[in-house]
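Asker: Just so you know, the sequences run in chain order A and B. Using the working numbering, the letters of the first sequence map in sequence onto residues 142 to 400. Using the working numbering, the letters of the second sequence map in sequence onto residues 3 to 221.
Among these hints, one or two may not hold up.
As the list claims (entries may be wrong) - The calculated SDA-like cross-link candidates involving lysine to any residue, where the alpha carbons are at most 20 Å apart (straight line), are:
1. A/K318 to B/K12
2. B/K98 to A/K176
3. B/K129 to A/T312
4. A/K176 to A/F159
5. A/K300 to B/I65
6. A/K389 to B/I49
7. A/K300 to B/K102
8. B/K98 to A/F159
9. A/K300 to B/I49
10. A/K394 to B/G54
11. A/K394 to B/S53
12. B/K12 to A/I400
13. A/K318 to B/L97
14. A/K394 to B/I65
15. B/K74 to A/K389
16. B/K102 to A/K176
17. B/K74 to A/K176
18. B/K74 to A/F159
19. B/K74 to A/I400
20. A/K314 to B/K129
21. B/K102 to A/T312
It is worth saying that the hints were derived from the structure and are not from the lab.
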Amino acid sequence: MQEVIKLQLWQLISAYLFILLLLGIVKIRKIPREKEIALATFRMTIQLVFTGYLLVYLFANSHPLLTAAATAIMLAFAINNIIKRIKTPLSPKLKKVIALSMTAGTLASLLYFLFVVVALSPWYEPRYFIPIAGMIIGNSMTGITLGVSRLAEGIHNQKEMVEGALILGATPKMAAKPLVDCAFDAAIIPTINAMVGMGIVFLPGMMTGQILAGVSPLTAIEYQIAIMLGIVGSVALTVIIFMELGYKTFFNKEQQLEI
Amino acid sequence: MFRLEAVLYKNILSIELLTLPGNKVTCIVGESGSGKTTLLRLLNKMISPDSGEIYYQNIPLSIIPAIELRRKVVMLQQFPVIFPGSVGDNLLVGLKFAEKPAVSSEKLSEILSFVHLRKDLNSPAEKLSGGEKQRLALGRVLLLEPEVMLLDEPSAGLDEETEQLVVNSLVAYTKQNQKTLLMVTHAKQVARDYAEQIIEINNGKIVSQQEVHSHAGGD
């Protein structure tokens, strides 16, 4: 294994030149986005520094409760992020369904991945558990956000079509089916596209990281293939649970559309 | 067929007592915004009253499952929804939603001529005019052979001649098959010519309910 080139502080600081360049361009072109760019850069830096120290602590003090707590916090942030990012108003019932499907879908996939695919031992080993949980939760979060917004928008915009089906005796499931299918598509397509472009259009982050750390590309791709499959599984599972339960929250017990 | 007791829906409709007879043609007339459509929507549980009870064949609607009811008491909206696909698809989609077996193309063509819509089954439904869409949707309702038809201004988009033809066939169908027809209409003439009972609604209240015994005109 080759040694990793350790970045000196000045080297890291020199990378901020990219942001200065970007700030210069938006200023010249009078695009009012300086504040957002600066804030985003600042947040990214602080969050990563914090995470770095946190991970050092977690790795040094490997304990099942700490790993579980870190995963729970990631999950809670992800759920909160989904709810915040969706523009359409969401009912409390739908928020519950989002939380439930994220929790059930990601945990089931994560546990299968760690215990069957990786055969992790001890099960709470944070060096594996936490980054893999992060990837699975993060990708599922993106998928479900797309799915929720497409479903909620679809039902709001196509209220007449849903009611038109109900009025002819359709069950809510039949009435919402075209919208549910469309939302499922929207949720899953970015992940499918990511698989298609993988290795040719871009080298995925985890694989790049492992290669930079000196791992053989062949080992790196094994992990990458496995994690990609795990991500697809988790996104699909999360979105399916959400779709199965989510459309129902738009109807009341008298099978009337309630929005 | 229907009985409404002390039914209140928001501040749109307030009905002390109303009985709607079965196997008859009833027309509901009244100004726009008077609550006619709301009344129809209450009868097939697309909405539920805030208080009071509605009975269908002496059973309270609150204990009849909504989907079961909507498959017997079918409503045609004033601006019916046309689903993506052809004229034929739009006729069949009602049967699919109601989980009834599909029918032959001959039967579909028969329905089209019954509602005086001369269109090919394969022609795209989106291209139809408003009045044609209304007749297509009426055909879709008829295919379901409901016990009760709730029609909201079924002839509003039609010219007088077509209106006459369509309403004529509808009334004849209702009589022959012992169905119940409730029709909201703004056309007083249609009500006078075809109704066996006329209900007038004003400001969310029933202002009159009268039996019409003769259709000879001039009464």
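Asker: Does each hint hold? Answer for all of them.
Answerer: Consistency of the hints with the structure:
Simply put, A/K318 and B/K12 have alpha-carbon atoms about 31 Å apart, too far for the 20 Å limit, and the pair is violated. Of the pairs offered as hints, the one joining B/K98 and A/K176 is violated, with about 55 Å between alpha carbons and a cut-off of 20 Å exceeded. Of the supplied pair hints, the one linking B/K129 and A/T312 is violated, its CA atoms being roughly 28 Å apart against a limit of 20 Å. Distance restraint check for A/K176 and A/F159: the Cα-Cα separation of roughly 16 Å lies within the 20 Å cut-off, and the hinted pair is therefore satisfied.
For a cut-off of 20 Å, the pair hint linking A/K300 to B/I65 is broken: about 26 Å separates their Cα positions. A hinted pair counts as satisfied when its Cα atoms are at most 20 Å apart, and A/K389 with B/I49 qualifies at roughly 17 Å. Restraint check for A/K300 and B/K102: not satisfied, since their Cα atoms lie roughly 24 Å apart, outside the 20 Å limit. A threshold of 20 Å between alpha carbons decides the hint, and for B/K98 with A/F159 the separation of about 59 Å lies outside it, so the pair is violated.
Restraint check for A/K300 and B/I49: the C-alpha separation of about 14 Å stays at or below 20 Å, so the hint holds. With a CA separation close to 18 Å, the supplied pair A/K394 and B/G54 stays within the 20 Å bound. Proposed proximity of A/K394 and B/S53 is supported: the alpha carbons are some 17 Å apart, at most 20 Å. Using a Cα cut-off of 20 Å, the hinted pair B/K12 and A/I400 holds, with the two alpha carbons roughly 16 Å apart.
Between A/K318 and B/L97 the alpha-carbon distance is near 16 Å, which keeps this suggested pair within the 20 Å criterion. A distance of roughly 12 Å separates the Cα atoms of A/K394 and B/I65; the hinted pair therefore holds under the 20 Å criterion. For the given pair, B/K74 sits about 23 Å from A/K389 by alpha-carbon distance, which is inconsistent with the 20 Å threshold. Between B/K102 and A/K176 the alpha-carbon distance is near 60 Å, which puts this suggested pair outside the 20 Å criterion.
Restraint check for B/K74 and A/K176: the C-alpha separation of about 61 Å exceeds 20 Å, so the hint is violated. For the hint pairing B/K74 with A/F159, the CA-to-CA distance comes to about 68 Å; that exceeds 20 Å, so the pair is violated. With a C-alpha separation of about 26 Å, the suggested pair B/K74 and A/I400 falls outside the 20 Å cut-off, and the hint is violated. Our distance criterion of 20 Å between C-alpha atoms is broken by A/K314 and B/K129, whose separation comes to about 28 Å.
A distance of roughly 13 Å separates the Cα atoms of B/K102 and A/T312; the hinted pair therefore holds under the 20 Å criterion.
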